[in-house]
Amino acid sequence: MTTLTTFVSTSDRQRPGVRAAVRSIQVFTLILLLLIGIGPLYWMVKGAVSPPTELTTQPLALWPDRPALGNFSAAYTDLSVGRYLMNTFLVVGGSWFVQLFVSATAGFALSVLRPKFGKVVYGAILATMFVPYTVNMVSLFMTVIDVPFLHINLGDTYWAIWLPAGTNAFTVLLAKQFFDALPKELFDAARVDGASTRQLLTKIVLPMSKPVLAVISLLAVMHSWKDFIWPLVAITDPEKQPISVALAQLATQAPQDQLIAAMVLAVAPPVLVFVVCQKYIVAGLGFTGVKG
Amino acid sequence: MALLTPSRRPAAVSKEPVPPALPQRRRGTGARKQLTAWLFLVPALLVFGLFAWWPIVRSLLISFQKTNLVEPAVWVGLDNFRTLFDDPLLGTAIGNTLFFVVLGLLIGFPAPLILAAIMSTVRRGAGVYRFLVYLPVVIPPVVAILLWKWFYDPGSGLFNNVLGKVGLGPYSWLESSDSAMLSLVLEATWAGMGGAVLIYLAAMVGIPGELYEAAEVDGAGIWRRIWHVMLPQLRSVIGLLLLVQLINTVQVFTEPYIFTGGGPENSTLTVLLLIFRYAFQDGEYGQAAALSFLMVLTLALLSAVYLRATRSWSTS
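Going down the list, the protein sequences come from chains A and B. Just so you know, our numbering puts 243 at position 195 of the first sequence, and the rest follows in order with no gaps. Just so you know, our numbering puts 1065 at position 181 of the second sequence, and the rest follows in order with no gaps.
Take the hints with a grain of salt, since some may be wrong.
Below, computed lysine-lysine pairings styled on BS3-like, alpha-carbon distance capped at 27 angstroms [as the list claims (entries may be wrong)]:
id	chain 1	residue 1	chain 2	residue 2
1	A	251	B	917
2	A	232	A	258
3	A	232	A	251
4	A	167	B	1049
5	A	164	A	94
6	A	232	A	164
7	A	167	A	232
8	B	917	A	164
9	B	1049	B	1033
10	A	94	B	1033
11	B	1049	A	94
12	A	167	A	251
13	B	1033	A	288
14	A	232	B	917
It should be emphasised that the hints constitute simulated quantities derived from the structure, not laboratory data.
Generate the whole structure from the sequences, applying the supplied hints.
As structure tokens, then:
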């Protein structure tokens, strides 16, 4: 890594006093970050393997005397965490697909094909960024249980989550901007070679756009894994609820040690994905900015 | 940066030479071309039309209607707004939401900036810092909140037990109307900070080193370099993240819903929680839509103020 000049310059770093101060602030920050980053996750795992008596008698023990893995299987089967996780995978997978599909086709149409009034459509899409869906959850709910023109009820089906997931203006913007920067000559060359418009998208544009497709996928998956309020409203059938909605309900009924084990099971997939794809996630978010 | 720059490698275009001067099929010029283009817009038009634009318009319509989802809606003029303003809980909810926003700014706004500044000086192991700081962000909010609820437990919770060791407390955290909101803000700050840190960090790395060097030559110490070089350079990022945080905290819902359900004594009842109660507990969809409409106006106003402010910055 190249050394970057920050507000602490190279000559500052050569002065022993400054150097010691900077070092100790950095070490202190590292300890703090370990405490707030790993600490809570560690404590959760510890709680999950602790017998309930130890949770109350020795709340500060760093590790239980008699760790037990029974809570995990109890949570998985008795609390149906297995099924809720499966539901979550379905919700996340469908939302991811819809969002990617809508962003890619819309970005392609608006950037490469440029129909008349395309700018108007783009503007109308971007305008929705100022009205977060949470604020509209009431009318969105009423729309979902009686879809205009079709008059079908999507309530308690995953379509109620999948389809609205496609209305992410930010990922449309990312796709369009990325496609805008692709070399136009390639499109003309492909056209001359007789490529259809669909082939232009699937054979030329998409293969060249892997970075932005990865970022869109990441934002889509993270957002739908973390979403709570809309699944809470849209899916009332306990059999179909994703893990986050189910956990909120379990919190009032399940024994605490099993609940903590269920929480560990719920947090494991996103944390594992983060550990594996850390580099891309950190780079992608540092760049694309604000969406969490 | 490299992440979002298209790769310039030639794609799978056929290698055969372009046939010379073949009259190019112009794909039916005009109408046909337009049709194809609009065909690719259909998915976006459908989902945005049905699930974004229509609900926004409808929200405005419903706020002037009485509806229970079964019988046809009836126009009632400003009735919904009248009942809304007669509800003593509205003032409470707005006050609580503002309190959450302000506390969130006081605690949650400087923290990521300071952390990012410290992390920007790290030369070896910067990846470890970034990994740790972002880890809480990937935890689903419900899990994070339930975990903190356990930490806040007055008896077996981590916080009171640790603080008790050094002779502090016991504190009642979520169970007293004085400290409940603060407890919510602490968790929300922890959960949301990572994204802001990474954005600040990216902006800090982008500041040209010559600026710092010039300031140093002019005799500016470390603090003055932070104050007169770094912060002015970050002005637009700071403004943007301020807006994002305001918009996010105004919509706070999951924290009060799971931590406290709005209690104790309505001290954590927020506007979005009130909308949720109106609609999905009382069945007062019109009243809920009316309050949603006021919320949309507030958010639009915030964004307008922001746009105005950034314009005056760029001209100054």
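| CA of residue 232 of chain A to CA of residue 251 of chain A, is that 27 angstroms or under? | Distance of about 15 angstroms is within 27 angstroms: holds.
| Holds or violated: residue 232 of chain A with residue 164 of chain A, Cα cutoff 27 angstroms? | holds, 19 angstroms
| query | Does residue 94 of chain A lie within 27 angstroms of residue 164 of chain A when you go C-alpha to C-alpha? | reply | Given pair residue 164 of chain A, residue 94 of chain A is violated - Cα atoms ~60 angstroms apart, limit 27 angstroms.
| field | Restraint status (C-alpha distance of residue 1049 of chain B to residue 1033 of chain B at most 27 angstroms) | value | Roughly 20 angstroms separates the two Cα atoms, so the pair holds.
| Hint consistency between residue 1049 of chain B and residue 94 of chain A [alpha-carbon to alpha-carbon, up to 27 angstroms] | Since the Cα atoms of residue 1049 of chain B and residue 94 of chain A sit roughly 20 angstroms apart, the hinted pair holds (cutoff 27 angstroms).
| task | Take a quick look at whether residue 1033 of chain B and residue 288 of chain A sit within 27 angstroms of each other, Cα to Cα. | result | Judged against 27 angstroms, a Cα distance of about 26 angstroms means the pair holds.
| message | Holds or violated: residue 167 of chain A and residue 232 of chain A, Cα atoms, limit 27 angstroms. | response | Holds, because 19 angstroms separates the two Cα atoms, which is no more than 27 angstroms.
| Pair hint residue 167 of chain A and residue 251 of chain A, alpha-carbon separation not exceeding 27 angstroms | Holds - the C-alpha atoms of residue 251 of chain A and residue 167 of chain A are around 25 angstroms apart, at most 27 angstroms.
| Hey, residue 917 of chain B versus residue 164 of chain A, does the alpha-carbon distance stay inside 27 angstroms? | holds, 10 angstroms
| said: Between the alpha carbons of residue 94 of chain A and residue 1033 of chain B, is the straight-line distance 27 angstroms or under? | reply: holds, 16 angstroms
| said: Checking one constraint from the list: CA of residue 251 of chain A to CA of residue 917 of chain B, max 27 angstroms. Satisfied? | reply: The hint holds at about 19 angstroms.
| Distance restraint between residue 167 of chain A and residue 1049 of chain B, which requires alpha-carbon spacing of 27 angstroms or less | Roughly 63 angstroms separates the two Cα atoms, so the pair is violated.
Hint compliance for this structure: hints 4, 5 are not met, and every other hint is.
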